[in-house]
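For the record, the sequence lines run as chains A and B. Counted the way the numbering used here counts, the first sequence spans residues 1 to 416. Counted the way the numbering used here counts, the second sequence spans residues 417 to 824.
It should be emphasised that the hints constitute simulated quantities derived from the structure, not laboratory data. A few of these clues could be false.
Calculated cross-link-like contacts (lysine-lysine; reagent style DSBU-like; alpha-carbon spacing at most 35 Å) [as the list claims (entries may be wrong)]:
| no. | chain 1 | residue 1 | chain 2 | residue 2 |
| --- | --- | --- | --- | --- |
| 1 | B | Lys443 | B | Lys734 |
| 2 | B | Lys631 | A | Lys342 |
| 3 | A | Lys342 | B | Lys518 |
| 4 | B | Lys731 | A | Lys302 |
| 5 | B | Lys578 | A | Lys342 |
| 6 | B | Lys476 | A | Lys397 |
| 7 | B | Lys565 | B | Lys666 |
| 8 | A | Lys313 | B | Lys443 |
| 9 | A | Lys342 | B | Lys653 |
| 10 | A | Lys302 | B | Lys443 |
| 11 | A | Lys313 | B | Lys442 |
Remember, it's a predicted structure, so these values are computed and weren't measured experimentally.
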Amino acid sequence: MSNSSILVVGGGFSGITTALEAAEVGHEVFIVEKNPYLGGRVAQLNQYFPKLCPPSCGLEIQFQRIKNNPRVHFFTMAEVVSVSGSAGNYTAKVKIRPRYIDEKCTCCGECAKAASTSIVDDFNFGLAKRKAAYQPLLFAFPMRYVFEADKCSEQERKDVEAACPYGAVNLEDKERTFDLNVGSVVMATGWKPYDVANLENLGGGNFANVVTNMQMERLAAPSGPTKGKIVRPSDKKAPKRIAFVQCAGSRDENHLNYCSYICCMASLKHAAYIQERDPEAQIYIYYIDLRTPGRYDNFMRKITASDQVHLVKGKVAEITEDPGTRNPIVTVENAVTGIKGKTEFDMVVLATGMQPSIAGQGLPVHVPTDGDGFIIGDEAAGIIAAGCAKMPLDVMKSAQSGTGAALKAITSVAGR
Amino acid sequence: MSQVERVKPDLQFVKELQKVGGESLKKCYQCATCSVVCPISPADDPYPRKEMVWAQWGLKDRLVNDIDIWLCHNCGECSDMCPRGANPGDLLAALRNMTYRKLVRPNVIGSWMSSIKYLPILAGIPALIYLLIWIARASVLGTAFPLFKATEHGYEVAEGGKVIYGGLFPGDYCIDLIFGIVAILVILCFYAGIKKLIKGFDAMPKTFVVGQKAKPSFVESLVETIKYEVAQHTRFKQCGGDESTTTRVKGHMLTFYAFIILGIVTSAIAVGHWGGRIPGLDFLHAMGDTPLPLYNPIKIMALVGGVLLLIGIYKLTKRRLNLDAQKHGSSYYDWYLLGVIWAIAVTGLLCVLLRWTNIAVLAYPCYYIHLISVFLLIAYLPWSKLGHLVYRTMALAYARKIGRLPMN
């Protein structure tokens, strides 16, 4: 039986956009999101382009649209296990992990107080720890806690259950699977930051004061582990001299053999974060080519007009650490002056690139991908790629890509 | 208006460079990773990033006179880390190959040395010379595979005698005369080459060295270079850090000192042979009358040298075969040198074994090939990769003199 409903795999910015655009013209849409919340990578940012809004702003509007649209159904902590069938008639098997906390939750936080197990916080890229019972993020949608009961002792589970004043902790919660019948599938599986452990010459993630650009977002975020203070992880001091290493693992055939599109702008944005907090801080951006597409060039000019922001053409190819001060030391050849030297900084930010989330993993859907793991899609089969699953994009272009994917999905199921 | 330097690209030169091993130079996007990861590149104007852009722009004058190509010992770290697979290490090797090919006249030998298709010509020359000698001697001796018995004034052909190479190919005019002429020609070629090389370096802008003490003379610089870079492989040892480069240093060291030992052996025999003819110095005969007995120290040195050469060349070849071909190309210049040294070492030791076993039909052809291989190594030296022995030494000494390299 043909079906005009659409499955959207991934509830980040492009997935949400696809779902809303399709639902608002009358299609039944299902979003399947792996995390306990919607919003994806955008939710982890401090501010996002083009207007440097906090993510809560843009996402809040989308969440309202979802709430107000009965045709959008979403599942968090869920994964598509397999998709079978053909264009217009797919059966998707969806698996939902137990959340152990039901809709009665008011986010009062009593469960987190009762929980004792502490877990490295992936949301903050390892910069902090969290409890086994936690609120995924400040403006989480759905606004509900998660309890990782599997990681706790019997006693802790009971304590957490007893702590909830609303009886929202349900230790009987089980993993469940169900089928969805849809006409088209949109793959909006997004991206992950490239693993710095592979960048051995840049410290491989072993130097305390060498952070990634996504860690920088969390340091700058008011809801982040430092409440928005940009500090060195080693001693929590505000850095006075900061270096940005562009193309850390991007445009490099030994790592990601493509330009991740966003890292230059991200570093310029981080320069703005630092200047807001300390106008005297010295900022060095080491680049191969500074890529500031379209009107972003104006932003670059604004940032680099400051005497404190220095652009140096030359890739950082080596980072060492002063064992005493734990200051990172970068080695660069300035390709303009032809002088190679070592420079010491308080903190170094690696502008790591985007890797498709599904890179190195199997896909539940039969769909062509390129050599890097980006999904090409198969429009004839009604399987469409959107957002950063397809190519590296900024938030604005992800939204555009989501709208485009919605149109393609609609075309594919139209008249069925 | 400020001075504008007009770039005059030499496209033909770029193409030639690509042919001699720099194929991927156009992939470079000037990120300067190479200059940073190079363990021996200096801080001011480090290589090989600048060479990559010069090559892309076709700045032939800068490249052919660039002293830095000799400062590179090609560990390949730059090519390993290059994000674009532009293989800067290969480009510098290609530039050195270009020097071997073009620096010294006659240029025709340079082009013959650049491709395997001319190997028959290069090998044909000594093959013909020694074949003619062989034929002439065979007609005199009455056999092409003679066995000899020692007499008071030399050797004579005798039934049940021994294989004696000097009997068939007498040293006086087979070895000493031919190689003497060849050596003189090679030295003259090198002299012209060194002059041209240094003239080229002189034409380039100099590094301004702040606070350098009195400039060292060229001789002082050369002495330092021989003492450190040549004798101890000082820079070569700092070049690269992985296992493959350690193997390379060991292999090169062994090969180099094996040749030194073999060189001493050859000189000792020549001194013994010719010196022994001077009245009053006949005791020198013991050193020059080949074949030497096994207990003779010179003989022992020769065997040790031969074995060391085999070990060294084995290490170097194994490493080169194990290189990732995507990252590190091997050119004909590399294989020519390895091949010729293999031929010399293997035929050299086989000749000893075949003489002991007295198998004339195998021993003389083996010796014949040995003579050809030695000729291939020595006669074409200024146009081969082995030319680096002279060019690199001179370049490093010059680099010291102008302050590009520090004095120790």
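Hints violated by the structure (numbers, ascending) | The structure conflicts with hints 3, 4, 5, 6, 7, although it agrees with all the remaining ones.
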